[in-house]
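Chemist: Let chain Z serve as the given structure and place chain Y on it in line with the hints.
What follows is the residue order along each chain.
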Amino acid sequence: DQQVKQNSPSLSVQEGRISILNCDYTNSMFDYFLWYKKYPAEGPTFLISISSIKDKNEDGRFTVFLNKSAKHLSLHIVPSQPGDSAVYFCAASAGSGGGADGLTFGKGTHLIIQP
Amino acid sequence: ETGVTQTPRHLVMGMTNKKSLKCEQHLGHNAMYWYKQSAKKPLELMFVYSLEERVENNSVPSRFSPECPNSSHLFLHLHTLQPEDSALYLCASSPRTGTNYGYTFGSGTRLTVV
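Here the protein sequences come in this chain order: Z and Y.
Quick note: to get the numbering used here, add 3 to the position in the first sequence (first position is 1).
Quick note: to get the numbering used here, add 1174 to the position in the second sequence (first position is 1).
Okay, chain Z solo, but in the shape it has when bound (with noise of 0.2 Å):
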């Protein structure tokens, strides 16, 4: 069963306009979430994270929501450009500070960028 779920499998966006990228979870131990990017022939990169003791985190043009109670979590970039287009990959893990737990991955949205 997955723990991580990202139910769009894609998202098409206008360039300039605001891209969001949603994520469900079903773990309630999940204590840490991050969000990673993938282009086509590489592997991902971090892009953002936050902690369960935080709602929102910001870097940039790209901020994540936490919401505990829905167990949701959603990734806004804005404005969205056309580099943003790659596979988009939310995952978490229930052991901040330690141990070996590694990450539980969504299965990724792949966001496009429009001109």
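Since the hints were made in silico from the structure, they are not lab data.
It should be emphasised that the depicted structure is a prediction, and the values quoted were computed from it without experimental measurement.
Here a beta-carbon is modelled for each residue, glycine too, at the ideal position from N, C-alpha and C.
Each hint should be verified, as a subset may be incorrect.
[Said to hold, decoys possible] Which residues of chain Y face chain Z? A partial, calculated answer using Cβ under 7 Å:
id : residue
1  : P1216
2  : V1222
3  : F1249
Modeler: Relative to the frame of chain Z, chain Y by itself:
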């Protein structure tokens, strides 16, 4: 170049072959990981090494055998694989285990079993 190098980038092997995937990092990280990405599936954690000791094995079949001779190198030895093992195999490293430290991924090895 992310600092984590995986070779080969592509590999085609028969079901009776034995091959190895190699991962190398010179970031000074103490933890290394193998992940598998199959089509239309999430990345799946296979193995975790911390300071050259295996600390996690997510019920991976024995036809996959990891080896970590030192903190900079990680291998995945493959033998008698099945076609369903065809996938992208990703290596990652982090300063230590625990996810407050971002992972650095390699570009992956695209494996095809015929």
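Chemist: So, P1216 of chain Y near chain Z? Judge it on the closest CB pair being under 7 Å.
Modeler: 4 Å, holds
Chemist: For the restraint on F1249 of chain Y, tell me whether the closest CB of chain Z is nearer than 7 Å.
Modeler: 17 Å, violated
Chemist: Interface hint check: V1222 of chain Y, Cβ to nearest Cβ on chain Z, cutoff 7 Å. Holds or violated?
Modeler: Holds. Min distance 5 Å.
The structure fails to meet hint 3 from the earlier list, while all remaining hints are met.
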